[in-house]
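I would like the entire structure built from these sequences, with the hints used as guidance.
Okay, here's what each chain looks like letter by letter:
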Amino acid sequence: MRLIFTRLFLLISGLLLMTDANAASPYLNNLNMPYGVSPLSHQIYWLHMAGFYVCCVIGVLVFGVLIYSLIKFRKSKGAQAVHFHEHLGIEIIWTVIPFLILVALAVPATIVLAHIHNTDNSGLTVKITGYQWKWKYEYLDQGVSFFSNLSTPQDQISGDAPKDANFLLEVDHPMVVPVDTKVRLLVTADDVIHAWWVPELGVKQDAIPGYINENWIYVTKPGTYRGQCGELCGVNHAFMPIVVKAVSKADFAKWVAAHQGGAVAAAQQALLKPQPAADLLKAGEPLYIKNCAMCHQPNGQGLPPTFPALQGSHIVTGPAVGQINMVLKGVPGTAMQAFGDQLDARTLAAIISYTRNAWGNDALNKKNGNAIIVQPTDIEAQNK
Amino acid sequence: MTDISTTVDHAHEQDAHDHGPPKGITRWLFTTNHKDIGTLYLSFSFLMLFVGGFMALIIRTELFEPGKVLLNPQFFNQMTTMHGLIMVFGVIMPAMAGLANWMIPMMIGAPDMALPRLNNWSFWLLPFAFAMLSSTLFMSGGAPAFGWTFYAPLSTTYGPPSTDFFIFSIHMMGASSILAALNIVVTIFNMRAPGMKMMNMPIFVWGWLTTAFLLLAVMPVLAGCVTMMLMDRHFHTSFFNAAGGGDPLLFQHVFWFFGHPEVYILILPGFGIISDIIPTFSRKPLFGYHAMVYATVGIAIVGFLVWMHHMFTTGAPLAAQLFFMYVTMLVAVPTGIKVFNWVATLYKGSITFETPMLFALGFIVMFTFGGFSGLMLSLAPADYQYRDSYFVVAHFHYVLVSGSLFTIIAAVYYWLPKWTGRMYSEKLGQWHFWLTTIGMNVTFMPMHFLGLAGMPRRIPDYAIQFTDFNQICTVGAFIFGFSQLIFLYIVLKACLGKGKHDAMDRVWEGAKGLEWTLPSPVPYHTFVTPPNATTLQTESHAVF
Numbered sequence: 001m002r003l004i005f006t007r008l009f010l011l012i013s014g015l016l017l018m019t020d021a022n023a024a025s026p027y028l029n030n031l032n033m034p035y036g037v038s039p040l041s042h043q044i045y046w047l048h049m050a051g052f053y054v055c056c057v058i059g060v061l062v063f064g065v066l067i068y069s070l071i072k073f074r075k076s077k078g079a080q081a082v083h084f085h086e087h088l089g090i091e092i093i094w095t096v097i098p099f100l101i102l103v104a105l106a107v108p109a110t111i112v113l114a115h116i117h118n119t120d121n122s123g124l125t126v127k128i129t130g131y132q133w134k135w136k137y138e139y140l141d142q143g144v145s146f147f148s149n150l151s152t153p154q155d156q157i158s159g160d161a162p163k164d165a166n167f168l169l170e171v172d173h174p175m176v177v178p179v180d181t182k183v184r185l186l187v188t189a190d191d192v193i194h195a196w197w198v199p200e201l202g203v204k205q206d207a208i209p210g211y212i213n214e215n216w217i218y219v220t221k222p223g224t225y226r227g228q229c230g231e232l233c234g235v236n237h238a239f240m241p242i243v244v245k246a247v248s249k250a251d252f253a254k255w256v257a258a259h260q261g262g263a264v265a266a267a268q269q270a271l272l273k274p275q276p277a278a279d280l281l282k283a284g285e286p287l288y289i290k291n292c293a294m295c296h297q298p299n300g301q302g303l304p305p306t307f308p309a310l311q312g313s314h315i316v317t318g319p320a321v322g323q324i325n326m327v328l329k330g331v332p333g334t335a336m337q338a339f340g341d342q343l344d345a346r347t348l349a350a351i352i353s354y355t356r357n358a359w360g361n362d363a364l365n366k367k368n369g370n371a372i373i374v375q376p377t378d379i380e381a382q383n384k
Numbered sequence: 001m002t003d004i005s006t007t008v009d010h011a012h013e014q015d016a017h018d019h020g021p022p023k024g025i026t027r028w029l030f031t032t033n034h035k036d037i038g039t040l041y042l043s044f045s046f047l048m049l050f051v052g053g054f055m056a057l058i059i060r061t062e063l064f065e066p067g068k069v070l071l072n073p074q075f076f077n078q079m080t081t082m083h084g085l086i087m088v089f090g091v092i093m094p095a096m097a098g099l100a101n102w103m104i105p106m107m108i109g110a111p112d113m114a115l116p117r118l119n120n121w122s123f124w125l126l127p128f129a130f131a132m133l134s135s136t137l138f139m140s141g142g143a144p145a146f147g148w149t150f151y152a153p154l155s156t157t158y159g160p161p162s163t164d165f166f167i168f169s170i171h172m173m174g175a176s177s178i179l180a181a182l183n184i185v186v187t188i189f190n191m192r193a194p195g196m197k198m199m200n201m202p203i204f205v206w207g208w209l210t211t212a213f214l215l216l217a218v219m220p221v222l223a224g225c226v227t228m229m230l231m232d233r234h235f236h237t238s239f240f241n242a243a244g245g246g247d248p249l250l251f252q253h254v255f256w257f258f259g260h261p262e263v264y265i266l267i268l269p270g271f272g273i274i275s276d277i278i279p280t281f282s283r284k285p286l287f288g289y290h291a292m293v294y295a296t297v298g299i300a301i302v303g304f305l306v307w308m309h310h311m312f313t314t315g316a317p318l319a320a321q322l323f324f325m326y327v328t329m330l331v332a333v334p335t336g337i338k339v340f341n342w343v344a345t346l347y348k349g350s351i352t353f354e355t356p357m358l359f360a361l362g363f364i365v366m367f368t369f370g371g372f373s374g375l376m377l378s379l380a381p382a383d384y385q386y387r388d389s390y391f392v393v394a395h396f397h398y399v400l401v402s403g404s405l406f407t408i409i410a411a412v413y414y415w416l417p418k419w420t421g422r423m424y425s426e427k428l429g430q431w432h433f434w435l436t437t438i439g440m441n442v443t444f445m446p447m448h449f450l451g452l453a454g455m456p457r458r459i460p461d462y463a464i465q466f467t468d469f470n471q472i473c474t475v476g477a478f479i480f481g482f483s484q485l486i487f488l489y490i491v492l493k494a495c496l497g498k499g500k501h502d503a504m505d506r507v508w509e510g511a512k513g514l515e516w517t518l519p520s521p522v523p524y525h526t527f528v529t530p531p532n533a534t535t536l537q538t539e540s541h542a543v544f
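As you go down the protein sequences, you meet chains A and B in turn. Residue 202 in this note's numbering is what sits at position 202 of the first sequence, and the numbering runs on without skipping anything. Residue 211 in this note's numbering is what sits at position 211 of the second sequence, and the numbering runs on without skipping anything.
In short, the hints are calculated from the structure, not lab data. Any given hint could be a false lead.
[To be verified] Taking lysine-lysine and the BS3-like style, the derived pairs with C-alpha atoms no more than 30 Å apart in a straight line are:
id, chain 1, residue 1, chain 2, residue 2
1, A, 72, B, 500
2, A, 136, B, 68
3, A, 367, A, 273
4, A, 221, A, 182
5, B, 500, A, 75
6, A, 136, A, 366
7, A, 282, A, 221
8, A, 282, B, 68
9, A, 290, A, 245
10, B, 68, A, 163
11, A, 136, A, 245
12, A, 290, B, 68
13, A, 163, A, 282
14, B, 493, B, 427
15, B, 427, A, 75
16, A, 245, B, 68
17, A, 75, B, 68
18, B, 427, A, 72
19, A, 77, B, 68
20, A, 290, A, 136
21, A, 72, B, 23
22, A, 182, A, 245
23, A, 329, A, 136
[What the hints assert, rightly or not] Sample of chain A residues with no beta-carbon within 12 Å of chain B, all distances over it, derived:
id, residue
24, 125
25, 127
26, 136
27, 149
28, 180
29, 218
30, 228
31, 273
32, 281
33, 283
34, 312
35, 329
36, 340
The structure displayed is predicted, hence computed values, not measured ones. Where is the CB? At the ideal position from N, CA and C, for every residue including glycine.
What follows is the structure, given as structure tokens:
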């Protein structure tokens, strides 16, 4: 039994020591915290390692004495108990020494913490808002603003298609930041609490409705860095990843120009063109699956009572204006959000047309004398 | 202080003469006997262990590979929530209360708990509370799905309709805990046998005394927290609703002001159990008894001043973060004192490795391990990376499973022969220990790596780079789960078996304490006349 115990201990300590093996390549070697690409992530990494090494040293001492005692003082080997049971001096020693070790750890921790809190002299400010279940990025001084949704197709999640390398860690519109620039993050939420977490940037900041929390990143290396929501935010908590693309300052300027107000408005005008019904219905299905099916389910049955069914729903088979307004403005206090801020008119028209046509809703709409097909201009007319 | 009038006791003895338990179900429904109530608590806890464990296996099955395996995410969230609530409120707390009921009167030489009818009520609230909580699984909209920490506004504005049942069951659990805690405090202060001074009490009694005060202090806070939730949900208040001028962070402050002392509620009685078991099987008195008592009380006091370390990433100001980081690091000092004293007790002892001792030693090693990850978590900057990741999941399972649960299992093996009069099979006990320990480490060790690599907790689906370690975790969880069936068999055999009563009164060679002066199995009524604790303790010491 002694052998088993010793082996178990060796296994544990072996695994522990391995964690230092490969610091710089996250995800290739899943054993340790990524060293990351930001001064904060580097400092946090070293603090983490310092804490870890302190634990290793204490562990070797404590478990060493423990194992020595278990081997040496066994009754089966004829050990006789020695009856000491109190020693003030030794109690003081093992109170004071750990205290001093803690003070030694607290000093670097305090310095790093103060560094995290220092958001001064930033070159760019991005407001990040958590929604159920997507992120919104607003570049306050550049006038760029967009939503970032999971882009992993539903059939990969359900297991009907092979999963790609970035399964659940890919989005339609990544956050784009310039390298070598201090980017101040203002983090908040629209509905429930989320947390914006990208391990390689050394940032996890809770997004809390009613609060604007600050943190910062400074990416030193161009690349794509991925993270996830860190706070349970409801049914699709696992499905709102974060992707940050760090590009050169010149590329960032180009990206901003392409996404600023004027360019976006022109694109939106183009989206208002009337569409053939068949095109809307065809485009509607994948858009519905991507934006709505997590709650209302691919078969339109929902998960009542939290997520109502759309099949036969009196809203979806009622006048189109009612449904358009609900989709645009949401239902306060529920997961049904105001999609008017999030999706463009053509997307909404396609989704609404699809739901009014699918699952036998077309027959009900015909019977009730309501329109099935909704055009982008109908959406725009209500979205004022 | 501890003197009980002898005339009263003689009268009491006459009354109690030959007064065995009534037969049938009414014995359990109406019982005021501390041993029966202890048995009820422990049986309830054991049942809930398998319910909560079954949920854990469902969770681990879903996480066996990326993509949807069994469940939709909504049901997955219900499972994580119910697993947490059941394990904390339905397993660890009732098991500790059961051990307190059984052992505290026998350890301090009292005939029963001070308030026996209250005792009955504090137990019987629990089955109803948990029946109500479990019934939410079958309701429209499903069970609570916001995690056992039920952060607002996910649990208020966005909670399913069953949240109200959850709130009411939390109220009932809280009432049960407060009543049990009151009873324990009153018993320990008033019912000690002559000569049983405070500084002579077993550490288990000290641990429970401290725990009882913690319960009395923080359970009302939890009750206030869920009441504010109820008001927000139905009476148009806005305690936690930012849109109405309220504060979602207020919820976290109130919850963790309960929640952090709660984790010491779950572990302090366990520290006491270990402090009884290690000396017994080392055949040597506990090293540093006084330091142990002070450390217990010290942990409890410091435990009130660390709640914001659960909230380092919520945007707290620097000064608050520094204060809570320093105080949190300070917890390592009294906790360290405990571990050092246990190791010093082993040093130069005469050690044997019966099953209770194995679980106690496993506890020391793995709890210390959980303490290490706790120290790392206390470093606020590093906590930005650890928070809400699997690293935290690994940490609290090391301190709750190989911590609290191991101490409960150790206690059951330690006192089972005393309770039932039958020795368990040492061979089966050893199998149980090794399978549990291996299963435990295979399940939870890889979670450290998952968390550090960036896997958030409470997700039903994950990126493919997390697959390998998750599969190892799932395999470990099944080993761990199914090896508890050995434990079930051992306990049932001892309780219901037809075998002879083969346990000696002093079951273990090195055992000391008043409970071992009683026959095995313990009679229905004990210490009807208070023992002279001084004499008994002197005799007891002479055994060594």
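Checklist entry - Is residue 500 (chain B) within 30 Å of residue 75 (chain A), Cα to Cα? => result Within the cut-off at roughly 28 Å; holds.
Item to check | Agreement of residue 367 (chain A) and residue 273 (chain A) with the hint, judged by alpha carbon distance not exceeding 30 Å | outcome: Distance ~28 Å between residue 367 (chain A) and residue 273 (chain A) Cα, so the pair holds.
Checklist entry - Is the Cα-Cα distance between residue 493 (chain B) and residue 427 (chain B) 30 Å or less? => result holds (14 Å)
Next on the checklist: What's the verdict on residue 75 (chain A) and residue 68 (chain B), does the C-alpha distance respect the 30 Å limit or exceed it?
Outcome noted: Outside the cut-off at roughly 54 Å; violated.
Next on the checklist: Holds or violated: residue 72 (chain A) and residue 500 (chain B), Cα atoms, limit 30 Å.
Outcome noted: Given that 30 Å is the threshold and the Cα spacing comes to 36 Å, the pair is violated.
Next on the checklist: Check whether the Cα positions of residue 290 (chain A) and residue 68 (chain B) lie no farther apart than 30 Å.
Outcome noted: Status holds; Cα separation ~16 Å.
Next on the checklist: Checking one constraint from the list: CA of residue 72 (chain A) to CA of residue 23 (chain B), max 30 Å. Satisfied?
Outcome noted: Judged against 30 Å, a Cα distance of about 51 Å means the pair is violated.
Checklist entry - For residue 149 (chain A), is the shortest beta carbon distance to chain B beyond 12 Å? => result holds (16 Å)
Checklist entry - Taking 12 Å as the cut and beta carbons as the points, is residue 218 (chain A) off the interface with chain B? => result Residue 218 (chain A) is indeed farther than 12 Å from all Cβ atoms of chain B, at 15 Å.
Checklist entry - Would residue 329 (chain A) pass as off the interface with chain B, using Cβ distances and a cut of 12 Å? => result holds (15 Å)
Checklist entry - Beyond 12 Å from every Cβ of chain B: is that where the Cβ of residue 136 (chain A) lies? => result Fine: 17 Å to the nearest Cβ keeps residue 136 (chain A) off the interface.
Checklist entry - Does the claim that residue 312 (chain A) lies outside the interface with chain B hold up, using a Cβ gap greater than 12 Å? => result Per Cβ check, residue 312 (chain A) is outside 12 Å of chain B; nearest 17 Å; holds.
Violated hints, listed in ascending order, are 1, 6, 7, 17, 19, 21 and 30; each of the other numbered hints is respected by the structure.
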